[in-house]
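Participant: Sequence:
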Amino acid sequence: MYAQASNERLTKWLMAAILVAAYGFLYMPIVHILFASLSSRPNFPYPPEFDYGSYIRLYTNTVYQSAFLNSLIIATCTSILSTVLGFLATVGVLRFAGRKALVYAAFFAGPLFVSEILLGISSMSLYYLAFELQGNMVTAIIANSVHCFSFCFLIMAALLYRYDWRMNEAAVVCGASPVRVFFEVMLPLTWSGILSSLIVAFVLSLNGLDISFYLLGATPTMPSVAWGALRYGVKPELYALSSIINILVFAAIIVLYFVARSDRQLSVE
2 MYAQASNERL TKWLMAAILV AAYGFLYMPI VHILFASLSS RPNFPYPPEF DYGSYIRLYT
62 NTVYQSAFLN SLIIATCTSI LSTVLGFLAT VGVLRFAGRK ALVYAAFFAG PLFVSEILLG
122 ISSMSLYYLA FELQGNMVTA IIANSVHCFS FCFLIMAALL YRYDWRMNEA AVVCGASPVR
182 VFFEVMLPLT WSGILSSLIV AFVLSLNGLD ISFYLLGATP TMPSVAWGAL RYGVKPELYA
242 LSSIINILVF AAIIVLYFVA RSDRQLSVE
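This note's numbering numbers the first residue of the sequence shown as 2 and each following residue consecutively.
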């Protein structure tokens with residue numbers, strides 16, 4: 002018994018050490034960027050000498066502000082568009098596709114297996130050759146929505162797979178309109194999946210470079226500005242902006258965690 006308890010204790014310590022090493026490997030670069038943005042010596046900020054000058058200069062840097070605003074617009078519009086389309090596609094596949102549901106689902110998930118570079122180049126060629134549209138914010142939003150749509154579809158499908166469609170039919174029989182059925186029956190039960198799709202699509206499009214690079218041209222976004230800064234040296238203002246974006250992303254992940262937790266508690270009850 003003593004040997005078994007000792008082996009279990011050793012296994013727990015070993016698993017804890019592996020977990021700490023894995024988290025350190027994943028998050029040390031993020032912590033380094035945060036220290037670099039708050040240090041007077043951004044190249045090697047250890048031990049940290051806290052200085053908020055990079056955030057002050059970021060407040061007056063119009064290039065980074067414009068890039069962040071453009072990325073925010075693309076991410077917001079992309080998340081809304083891809084979530085709406087993903088929800089409609091999921092309802093269509095699970096409710097009306099019948100035996101062909103797997104075929105339609107495979108087509109909807111297809112963009113996941115296409116590289117972002119290829120998707121950006123093909124979108125640029127399509128919009129210019131077929132529709133004579135120059136690269137702009139609208140085409141970048143559409144192309145990013147094609148990429149994020151598949152993620153939203155899979156998230157919605159995992160949630161709506163267990164949805165009881167008889168509740169909608171009962172509400173219609175009782176005289177409810179389709180709009181009222183959605184807001185009073187479906188939305189309270191599916192809001193966690195909708196919010197999860199919004200957050201995932203927002204984060205993906207906010208940090209995406211390959212698609213927007215080919216469709217925006219000289220219009221700056223956060224990833225393109227960060228990529229261009231590598232040729233001339235990364236400035237501390239970029240560390241500050243990256244830290245702000247990382248904080249926003251982690252806040253979104255925390256919200257997503259509590260949404261999933263509350264949804265699990267409701268399903269248990």
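Keep in mind the hints are simulated off the structure, nothing from the lab.
Heads up, the beta-carbon is just placed ideally off N, CA and C, and yes, glycines get one too.
Among the hints, a few may not be true.
The following label-pair restraints were derived from C-beta to C-beta distances [stated by the list, open to error]:
id	residue 1	residue 2	range
1	101	64	28 to 36 Å
2	255	114	26 to 34 Å
3	96	230	17 to 25 Å
4	208	32	15 to 23 Å
Participant: Does each hint hold? Answer for all of them.
Facilitator: For each hint, the structure was consulted:
Distance hint for residue 101 and residue 64: a CB-CB separation of about 50 Å, inconsistent with the stated range 28 to 36 Å. With their beta carbons about 30 Å apart, residue 255 and residue 114 fall inside the hinted range of 26 to 34 Å. Between residue 96 and residue 230, the C-beta spacing of about 48 Å breaks the proposed range 17 to 25 Å. Restraint check, residue 208 to residue 32: a C-beta distance of roughly 18 Å satisfies the suggested window 15 to 23 Å.
Comparing the model with each numbered hint stated earlier shows that hints 1, 3 do not hold.
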